[in-house]
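S.K.: One letter stands for each residue in the lines below.
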Amino acid sequence: MDRQIKTLQDKNSYLDLQKEKRITLLEVLDRALDKGVVISGDIVISVADVDLIYLGLKVLLSSVETMERLRGSPFSGAAEEPT
Amino acid sequence: MNIKEVKEDLIYLYCITDKAPKLKEIENSADKPYFIFYQDLYAIVNKVKESEFAEENLKRNLADLEWIKIKASIHEKVIEGIMKNSCVIPFKFAAIFNSEDNLKTMLSRHLEEFKDILEQLEDKEEWGVKIFCDLEKLKEVIIQEDGEILNIDKEINSSSPGKAYLLKKKKEELLNIAVNKKLNEYGQVSFDRLKERSQEARINKLLPKEVTERKDEMILNSVFLVEQDKVAVFLNTIEEFKTRCADKGLFFDCTGPWPPYNFC
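In the order they appear, the protein sequences are chains A and B. For the first sequence, the positions run 12 to 94 when this note's numbering is used. For the second sequence, the positions run 1288 to 1551 when this note's numbering is used.
Careful: at least some of the hints might be erroneous.
[To be verified] In silico SDA-like cross-links for lysine to any residue, where the CA-CA straight-line distance does not exceed 20 Å: (1) Lys-1346(B) <-> Asp-45(A); (2) Lys-1391(B) <-> Val-48(A); (3) Lys-1334(B) <-> Val-49(A).
[Claimed, not checked] Which stretches of chain B does chain A cover? Using the computed rule of at least three CB atoms under 8 Å from a CB of chain A, they are: (4) 1355-1361; (5) 1375-1381; (6) 1494-1508; (7) 1544-1550.
Bear in mind the hints are in silico, worked out from the structure with no lab data behind them. Small disclaimer: the values here were computed from a predicted structure and weren't measured. Glycine is no exception: its CB is placed at the ideal position from the N, C-alpha and C atoms.
Could you put the whole structure together from the sequences, leaning on the hints where they help?
M.R.: Below you can see the structure in the form of structure tokens.
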């Protein structure tokens, strides 16, 4: 599997989120949106909003994957990002 | 009619720490946060645009997954940057205050609470452990290991079609029971072992395949708060699991260290 496994050794590369694989994005969303301290800011996103995000997550992740696949295609002469 | 001024006056709170944050460390990230010092605490914040984060606008943006992806990455990067040098209390994505004064009021209200949490988190790290299982692979392993199922399997081959059908049903039933038993066992044993090697442990909800986009099933989604000097032991334990379970269709996914989102 092409998932990234973070360990202490590659902590530095893991800090560079731009290079992260999609699973880590999922991990980040799962934590930052769902966990963390929620002590009343003036505006806090509600639980319902988070659920909506989860519904959309699949769409987001598949589009990331599609883009990666297109970029990595051996026939990528004409593989532009879909617009 | 007045043209509305473009304001940048909402305050986005990333995290709280009790050591002077080294903001230079995170200068290269897409965001340039600053801190607000109150009593003994530092709140790492930034000014954000009302057009993005005022209530209605935020709701609209939350429907835009590309936007969330970018902003959540920044959120994580900033907190991880601060975390390199001190213990942090990570806040949930988009904790927004109307003014610095409002933020200070919140800090004053929860001052002792935050200090206690920071004290408890000192020298500890959050690690996530997910276990996935290739059920077909596990079934194969069980068939070979389980005498009763293996016997039925042999019997099927030498039976009439009618009897074979019934035996297959029986086999499926036993197999499902055995699979569930094994999954509980693997999940429970792994979790208990790792729990022994950590300060605190928690089980989170399993994420469905639609979200993980893996072919195998998530059978455990757990998080641990591990003392820094015990992280090596903790990771070794997972390596042991991996070696022992590699041929049983189990996959261990360990990530960290994370900001302690699950333990605040």
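S.K.: Decide, hint by hint, whether the structure agrees.
M.R.: Evaluation of the provided hints:
no. : hint                      : result
1   : Lys-1346(B) <-> Asp-45(A) : holds, 16 Å
2   : Lys-1391(B) <-> Val-48(A) : holds, 16 Å
3   : Lys-1334(B) <-> Val-49(A) : holds, 19 Å
4   : 1355-1361                 : holds (count 4)
5   : 1375-1381                 : holds (count 6)
6   : 1494-1508                 : holds (count 6)
7   : 1544-1550                 : holds (count 5)
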